[in-house]
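**Q** All chains, please: the whole structure from these sequences, using the hints.
Protein chains: 2
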Amino acid sequence: MSPFDVIKPIRVILSEDKELYSSLKNIFGFYPGNIFLYKLAFRHKSLAKELNNGAKVSNERLEYLGDAILSAVVADHLFKMFPIKGEGFLTEMRSRIVSRSALNKVSQKLGLDKLIQANSEGNNVYKSMNGDAFEAVIGAIYLDKGYQFTRRIIIEKVIQQHFDLDELENNDTNFKSRLIEWAQREKRIVEFLLLSEVGHGYTKQYVVEVLIDKQAHGKGRDYSIKGAEQNAAMKALIELDISKA
Amino acid sequence: MSPFDVIKPIRVILSEDKELYSSLKNIFGFYPGNIFLYKLAFRHKSLAKELNNGAKVSNERLEYLGDAILSAVVADHLFKMFPIKGEGFLTEMRSRIVSRSALNKVSQKLGLDKLIQANSEGNNVYKSMNGDAFEAVIGAIYLDKGYQFTRRIIIEKVIQQHFDLDELENNDTNFKSRLIEWAQREKRIVEFLLLSEVGHGYTKQYVVEVLIDKQAHGKGRDYSIKGAEQNAAMKALIELDISKA
Chain A
11 MSPFDVIKPI RVILSEDKEL YSSLKNIFGF YPGNIFLYKL AFRHKSLAKE LNNGAKVSNE
71 RLEYLGDAIL SAVVADHLFK MFPIKGEGFL TEMRSRIVSR SALNKVSQKL GLDKLIQANS
131 EGNNVYKSMN GDAFEAVIGA IYLDKGYQFT RRIIIEKVIQ QHFDLDELEN NDTNFKSRLI
191 EWAQREKRIV EFLLLSEVGH GYTKQYVVEV LIDKQAHGKG RDYSIKGAEQ NAAMKALIEL
251 DISKA
Chain X
11 MSPFDVIKPI RVILSEDKEL YSSLKNIFGF YPGNIFLYKL AFRHKSLAKE LNNGAKVSNE
71 RLEYLGDAIL SAVVADHLFK MFPIKGEGFL TEMRSRIVSR SALNKVSQKL GLDKLIQANS
131 EGNNVYKSMN GDAFEAVIGA IYLDKGYQFT RRIIIEKVIQ QHFDLDELEN NDTNFKSRLI
191 EWAQREKRIV EFLLLSEVGH GYTKQYVVEV LIDKQAHGKG RDYSIKGAEQ NAAMKALIEL
251 DISKA
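Those protein sequence lines, which keep their order, are chains A and X. Using the working numbering, the first residue of the first sequence is number 11, and each one after it goes up by one. Using the working numbering, the first residue of the second sequence is number 11, and each one after it goes up by one.
By construction, these hints were calculated from the structure, which means they are not laboratory data. Just so you know, not all the hints are guaranteed correct.
Note that the list lumps identical chains together, so a pair holds whenever it fits in one copy or between two copies.
Using 25 Å as the maximum straight-line C-alpha spacing, the simulated SDA-like pairs for lysine to any residue come out as follows [said to hold, decoys possible]:
| # | residue 1 | residue 2 |
| --- | --- | --- |
| 1 | K90 | R162 |
| 2 | K90 | Q158 |
| 3 | K137 | I252 |
| 4 | K236 | E70 |
| 5 | K197 | E249 |
| 6 | K155 | R104 |
| 7 | K155 | I169 |
| 8 | K167 | Q215 |
| 9 | K224 | L205 |
| 10 | K236 | F173 |
| 11 | K167 | D251 |
| 12 | K90 | G156 |
| 13 | K59 | S234 |
| 14 | K28 | I199 |
| 15 | K155 | R53 |
| 16 | K90 | I163 |
| 17 | K137 | A226 |
| 18 | K35 | V108 |
| 19 | K95 | E70 |
| 20 | K59 | S130 |
| 21 | K224 | E191 |
| 22 | K236 | D123 |
**A** Rendered as structure tokens:
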């Protein structure tokens, strides 16, 4: 038996990892420290590895962790990017960024989908597999490199490159139209009432109230009537608990 | 006019802050850097301060931030404390720690309730005011001192001192009893079926399935039948979307 028979399997393993190393370097701009964390992050539960003690190991724990870290970083980033916006706005913006559909897309844009190990027998399609793997990778980066590093990666490689906060914010027009769409479905009547104008000149603000079937459901204030309507509609959506609809 | 007439108001302001400084030092063991963040953290929305531009300022933005940071730290802590538990367990444990009722209690135990500034006219009682202030303080610490510092405070001064993870875990008996209580309310029949035993000796595990009206609703595996029942019940609660009930 030549020494290569022993060395070869090791080399194969090494070269497999080398691919993952370089993929991650290309995607995120850094070389992983503990590569096993990242391998685990790409192991979908359909290919869970069974341990001696019967426990099944997949990326689900890392996904749980990454989800929480991602939420914290996005919360912090939005807090600083929008210093005068209320928590209703920030919560809504965050839920748009960390929504399953947004994360599935980002995961594919980054090319993480190509790294996922899943059981594709019988053409199983796992709807949120890509977004789950993205969150699991965030969990892996956090364990491997710490919070500040993960924060920088999320902001620089994900949010700044794949989310347009202005566009996401202007989707605010969504609030009003979403409320109107909801009302049409539910056969309710929505009205926006200009209650008052506060201040004057550059600091002049408008206060708008949303009425649903003549009942008040939230006031909004902004430097434009349009903005005040959006804020009021957002509050109504939250109050009626239909902001995710 | 003596110089004291000028100095006095400054001294009064300073002494007011001095109290807050020393309260926070007593509670958390550190002196705040930027005291204004902490003053804001204790300003309930019923006493929101109106700025020149009409914006109202209260602790709601800090609460939004602190909520996210707290969730991340607790997720991380549980991840490390329970290295072989699945994400369902971790998620359930976290939701117990960060539940509004748990945070209201912790806030009072820490004595944060005494520092809150709220409008108590007409005997207004704000149900979650204490928990909200706790989260806002976490947001303030994070902005003032950074993630690692906040993480240490949450673990050492909050979780380790005010949560008994063993007890919280053993409340797992909750899973089974909660499922049974739910079934009684809904007039459904719950059964726990021992499906199989895996391995032997020290590594022997039991697999239990939950049946509700004879329909399978989740399998659990553990080193004891009791544990396997808990895990199965937990999965059923999650599947039926009644895990928060």
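**Q** All the hints need checking, so say for each whether the structure fits it.
**A** Hints, one by one, checked against the model:
For a Cα distance limit of 25 Å, the shortest separation of K90 from R162 qualifies both inside one copy, at 14 Å, and across copies, at 23 Å. In the homo-oligomer, the alpha carbons of K90 and Q158 lie at most 25 Å apart both inside one protomer (15 Å) and across protomers (19 Å), since each shortest distance falls under that limit. Both within a single protomer and between protomers do K137 and I252 lie at most 25 Å apart by alpha-carbon distance, with minima of 23 Å and 23 Å respectively. For the identical chains of this complex, K236 and E70 are inter-copy neighbours only, at 24 Å across copies versus 43 Å inside a copy, given an alpha-carbon limit of 25 Å.
Proximity of K197 and E249 under a CA criterion of 25 Å is satisfied intra-copy only: 18 Å inside one chain copy versus 32 Å between copies. In this homomeric assembly, K155 and R104 come within 25 Å of each other (Cα to Cα) both inside a single copy, at 24 Å, and across copies, at 23 Å. When the C-alpha separation of K155 and I169 is checked against a cutoff of 25 Å, the pair qualifies both within a copy, at 19 Å, and between copies, at 24 Å. When the C-alpha separation of K167 and Q215 is checked against a cutoff of 25 Å, the pair qualifies neither within a copy, at 37 Å, nor between copies, at 43 Å.
Taking the shortest alpha-carbon separations for K224 and L205, only the intra-copy value of 14 Å comes in at or below 25 Å, while the best inter-copy value is 58 Å. With identical chains, the CA atoms of K236 and F173 are at most 25 Å apart within one copy only, with a shortest distance of 24 Å there and 47 Å across copies. When the C-alpha separation of K167 and D251 is checked against a cutoff of 25 Å, the pair qualifies neither within a copy, at 33 Å, nor between copies, at 35 Å. In the homo-oligomer, the alpha carbons of K90 and G156 lie at most 25 Å apart both inside one protomer (21 Å) and across protomers (14 Å), since each shortest distance falls under that limit.
In the homo-oligomer, the alpha carbons of K59 and S234 lie at most 25 Å apart only across protomers (22 Å), although the nearest pairing inside one protomer, at 56 Å, exceeds that limit. In this homomeric assembly, K28 and I199 never come within 25 Å of each other (Cα to Cα): the closest approach is 61 Å inside a single copy and 53 Å across copies. Taking identical chains as interchangeable, the C-alpha atoms of K155 and R53 lie at most 25 Å apart only when both belong to the same chain, with a minimum of 20 Å there against 36 Å between chains. Within a single copy, K90 and I163 get their C-alpha atoms as close as 17 Å, and across copies as close as 23 Å, so both meet the 25 Å cut-off.
Proximity of K137 and A226 under a CA criterion of 25 Å is satisfied inter-copy only: 23 Å between copies versus 39 Å inside one chain copy. When the C-alpha separation of K35 and V108 is checked against a cutoff of 25 Å, the pair qualifies only within one copy, where the shortest distance is 23 Å, while the shortest distance between copies is 36 Å. For a Cα distance limit of 25 Å, the shortest separation of K95 from E70 across copies, 11 Å, qualifies, whereas the shortest one inside one copy, 34 Å, does not. Taking the closest pair of Cα atoms, K59 and S130 come within 25 Å of each other only inside a single copy of the chain (15 Å); across copies the shortest separation is 57 Å, beyond that limit.
Proximity of K224 to E191 under the C-alpha cut-off of 25 Å is restricted to the intra-copy arrangement: shortest distance 17 Å within a copy versus 41 Å between copies. Within a single copy, K236 and D123 get their C-alpha atoms no closer than 40 Å, and across copies no closer than 39 Å, so neither meets the 25 Å cut-off.
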